[in-house]
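Participant: Based on the provided sequences and hints, a complete structural model is requested.
Number of protein chains: 2
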Amino acid sequence: MSKRYTLLKKDGEARRGEFRTPHGVIQTPVFMNVGTLAAIKGAVSSMDLKEIGCQVELSNTYHLHLRPTDTVVAKMGGLHKFMNWDRPILTDSGGFQVFSLAQMRKIKEEGVYFNSHIDGKKIFMGPEESMQIQSNLASTIAMAFDECIEIPSPRDYVERSVERTTRWLERCKIEMDRLNSLEGTINKEQMLFGINQGAIFQDLRINHAKTISKFDLDGYAIGGLAVGETHEEMYRTIESVVEYLPQDKPIYLMGVGTPSNILEAVSRGVDFFDCVLPARNGRHGHVFTKHGKINIMNAKFELDSNPIDEGCQCPACKNYSRAYIRHLFKAKEMLAMRLCVLHNLYFYNKLMEDIRNAIDGGYFQDFKAQKHEEWGVKA
Amino acid sequence: MSKRYTLLKKDGEARRGEFRTPHGVIQTPVFMNVGTLAAIKGAVSSMDLKEIGCQVELSNTYHLHLRPTDTVVAKMGGLHKFMNWDRPILTDSGGFQVFSLAQMRKIKEEGVYFNSHIDGKKIFMGPEESMQIQSNLASTIAMAFDECIEIPSPRDYVERSVERTTRWLERCKIEMDRLNSLEGTINKEQMLFGINQGAIFQDLRINHAKTISKFDLDGYAIGGLAVGETHEEMYRTIESVVEYLPQDKPIYLMGVGTPSNILEAVSRGVDFFDCVLPARNGRHGHVFTKHGKINIMNAKFELDSNPIDEGCQCPACKNYSRAYIRHLFKAKEMLAMRLCVLHNLYFYNKLMEDIRNAIDGGYFQDFKAQKHEEWGVKA
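In order, the protein sequence lines correspond to chains A and B.
Using UniProt numbering, the first residue of the first sequence is number 1, and each one after it goes up by one.
Using UniProt numbering, the first residue of the second sequence is number 1, and each one after it goes up by one.
If you're looking for bench data, these hints aren't it; they were derived computationally from the structure.
The structure displayed is predicted, hence computed values, not measured ones.
Where a beta carbon is used, it is the ideal one built from N, C-alpha and C, also for glycine.
Worth double-checking, as some hints may not be accurate.
Covered stretches of chain B, going by a simulated chain A footprint (3 or more residues, C-beta under 8 Å) [as the list claims (entries may be wrong)]:
(1) 80–90
(2) 328–334
Derived lysine-lysine pairs resembling DSSO-like cross-links, with alpha carbons at most 27 Å apart [what the hints assert, rightly or not]:
(3) A:Lys122 - B:Lys332
(4) A:Lys210 - A:Lys10
(5) A:Lys330 - B:Lys50
(6) A:Lys75 - B:Lys50
(7) A:Lys293 - A:Lys350
(8) B:Lys75 - A:Lys318
(9) A:Lys173 - A:Lys188
(10) A:Lys81 - B:Lys75
(11) B:Lys121 - A:Lys330
(12) B:Lys121 - A:Lys332
(13) B:Lys210 - B:Lys81
(14) B:Lys332 - A:Lys50
(15) A:Lys332 - B:Lys188
(16) B:Lys75 - A:Lys300
(17) B:Lys173 - B:Lys210
(18) A:Lys81 - B:Lys210
(19) A:Lys3 - A:Lys122
Facilitator: This is the structure:
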């Protein structure tokens, strides 16, 4: 396999790179747009994603395993065909959802026994099952099956959990290699990213980072953050871990976060991001602007003929006023959510483009400070 | 005022025409796409309407008077600016909604006293108020304020109601002329269509048609149908009335109906249609195809890689399979409704285009018979 990740430029610790995949080249740093069930919540289609500058779509293994099932997706030719999206797709491992959504969870060495949050059905998922499901989904990048540990958790529990996550990673790697070599596999070049865990115990995080770096994986993620720790703890953890992960592979901070979180993480060397926040905020009428977040339902926008964000080139801002979108929310028209989700995702994708340009141009630190000032965020 | 309606060709009683408006020419027969609250239910925007071949958007006076209020719409420059739609808009008079939605309704000579269905607020609407609201909305075509009579109703009630509707029409015309001459009016060329009533009493319908024909209006509608009568009663009523309405003005059948209803009404000389049916059906996964209506949630579509309707050029059919759209419904993704509404509206708009071509080509009767056979509808 030829080299997938190319570091094009560094600006401080911020990295500008390219990641080659069978579904096209990803320009990094990148924000992945979350389409849990093979669709973006808020009536946003894969066609819309192209219009708002999305490079990578992210879908959820746990959700798709339950509905419509990965067997159905495989029979339909994999996720790319199913949702009509020809660019890269990353699937998570199902681990996070098993730990956050499923009921009656029992963690054993072999994997996790749990009940479906939809109908209570008993399900088992271990490293092999996660790889098999993701192979059926035929995503571009599969994530290793891990335990996402609650914060705070006792040190001895975290220690044992992280060791098990390492053993699970080994099993994931073996199973993914096997699946990629099978005749009937849809995407035989499916990649595997490992996940660093260790809660906020810096030494456990670092040890685990060193351990998983020895596996020849396609990329590395920092998992288990943005689950209750402070921003400072999150940033410190990223700083500790990044230098112990392979520098010739992309680094992915899972489930993070606000625009400010992203700037801070980029400045610490992170390349990949994903978060439900922009879509979820959009569905509630909370929209990002160059002057911070606003609530479009505020009475002061009743007669405001300006777009959500002046100068924004998203489909909502190019065509509609704040007053109109506010009316749609008040009138409970679905179009309200759609327009705000489109705007927020565009805002994130455009932010990443601006970040890439800033690193290319060698002015990332200034850019970061300027953005924090504009948004009214203390850096 | 130059002549607005031009009859281009007749095929039997079916009329192929053009209707010139300040917002562009409408090719008739035409289906108007219903956007009650200045948006199509199902997260469909005015941008989407262009893509699915919509010529005329229809919004509801009663709903917009309550939310966001016509005063707000007027301050925002009228409906066209508010919803970013530069083609013709027709607003109904509010009459139908006052009679079907509002509570505690009292009909007097001056107008109707009722309570808002949203917050119970007491409201009065008469002919003058309806014209004032529609003038504020600044639609291309305003509808006269009438009483939409329940079917069945006693003959003597219908008689008295129709006479009042005529008196109201007179007041509408005077008020519309006055509003169009005011300095601050947004659309000084707002047109007014009168509405024929009379339930299913053919002689009352005919008398009323003759009476309203004497008013020099821009078009004439047949109202109060599709509210409980049989299809045969509806078709008979259309037949009775059409010949007594001015032949040099467009004829609009309000709130009708199925694709088959439309073919039948066109063959009896109707030019304008509107109906919530395609959007409402779409939101429930009931989609129109060249072989009749199907329920996309049916289990047999689980692995169906075909589009909703083979050969259809709508955004849903060009990009997604039945299996994917079925999954979206099962997973309660809003995108499901959006795709089905887009498809159904496209289906209706395309049907009208095919009807126009059939009249142009002189093969409308064959076309109608063929469609009924394909859809499995008894003609």
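Participant: Determine for every hint whether it applies to the structure shown.
Facilitator: Verification of the supplied hints:
1. 80–90: holds (count 3)
2. 328–334: Result for this restraint: holds, n = 5.
3. A:Lys122 - B:Lys332: It holds: about 22 Å lies between the C-alpha atoms, which stays within 27 Å.
4. A:Lys210 - A:Lys10: holds (23 Å)
5. A:Lys330 - B:Lys50: Holds. A:Lys330 to B:Lys50 sits at ~25 Å (cutoff 27 Å).
6. A:Lys75 - B:Lys50: violated (35 Å)
7. A:Lys293 - A:Lys350: holds (16 Å)
8. B:Lys75 - A:Lys318: Holds - the C-alpha atoms of A:Lys318 and B:Lys75 are around 20 Å apart, at most 27 Å.
9. A:Lys173 - A:Lys188: holds (14 Å)
10. A:Lys81 - B:Lys75: violated (47 Å)
11. B:Lys121 - A:Lys330: Holds, at roughly 17 Å.
12. B:Lys121 - A:Lys332: At roughly 19 Å apart (the allowed maximum being 27 Å), A:Lys332 and B:Lys121 satisfy the hint.
13. B:Lys210 - B:Lys81: Judged against 27 Å, a Cα distance of about 37 Å means the pair is violated.
14. B:Lys332 - A:Lys50: Holds, at about 23 Å.
15. A:Lys332 - B:Lys188: This hinted pair is violated, its Cα atoms lying about 32 Å apart.
16. B:Lys75 - A:Lys300: This hinted pair holds, its Cα atoms lying about 14 Å apart.
17. B:Lys173 - B:Lys210: holds (17 Å)
18. A:Lys81 - B:Lys210: Given that 27 Å is the threshold and the Cα spacing comes to 60 Å, the pair is violated.
19. A:Lys3 - A:Lys122: Status violated; Cα separation ~41 Å.
Of the hints listed earlier, those the structure fails to meet are numbers 6, 10, 13, 15, 18, 19, in rising order.
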